[in-house]
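Residue numbers (the working numbering), protein chains in the order written: chain H, 1 to 111; chain R, 1 to 114.
Some hints could be false.
[Unchecked claim] Rough simulated footprint, nothing fancy, chain H against chain R, three-plus residues with beta-carbon under 8 Å:
| no. | stretch |
| --- | --- |
| 1 | 42 to 54 |
| 2 | 75 to 81 |
| 3 | 86 to 100 |
Think of the hints as simulated: they come from the structure by calculation, not from any bench. We treat Cβ as the ideally placed atom computed from N, Cα and C, and that holds for glycine.
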Amino acid sequence: TQLLEQSPQFLSIQEGENLTVYCNSSSVFSSLQWYRQEPGEGPVLLVTVVTGGEVKKLKRLTFQFGDARKDSSLHITAAQPGDTGLYLCAGAGSSASKIIFGSGTRLSIRP
Amino acid sequence: DAGITQSPRHKVTETGTPVTLRCHQTENHRYMYWYRQDPGHGLRLIHYSYGVKDTDKGEVSDGYSVSRSKTEDFLLTLESATSSQTSVYFCAISGFGEATDTQYFGPGTRLTVL
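All chains should be built: construct the whole structure from the sequences, respecting the hints.
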């Protein structure tokens, strides 16, 4: 059974600080996605990475796919209160029906 | 925002009763999915559909059935609800069923089985 472990589970930091969230597995994935979910809403896709070693930037967010395509990280620079939410990684096999979600990192940014 | 609605948004029911959750989309997407979200487990796929009357099981399909008679509607039925099915249920849609597709999620249905 494929598993995706996210760490940390919870993170509370001050506005302006930097942070990194990790998503790890012993399995190889063909692609990996990161979602953000706010309370009472469904997840919203942030990024998809498909190539080992790939780095994508979305404003203050930097996503990296590991060289072996088993892990990924999300780095946020100068965190803002609007970054608060649940961050989910999702690794995929051959199709969307084979996507495995991690249990998430709940991020809180204090003003 | 993708046009996905779920109904009801909240439901409390008793063990042993049947429950049907509805997902409605206005995007004409081919693929539709039902997930459940529980603390410590992330999102887990229950069933999905790749077209009208075409459905398949996901990771946690026991105790659930689905139907899709129209492109826009995907129904999830709990034939006899149990307390272990207390969860938040999300519907999602995508265009091509590829792993790299964007899945658009609905707002969720919070189901409590007493």
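What are the numbers of the hints that this structure violates, sorted from low to high?
-> 2
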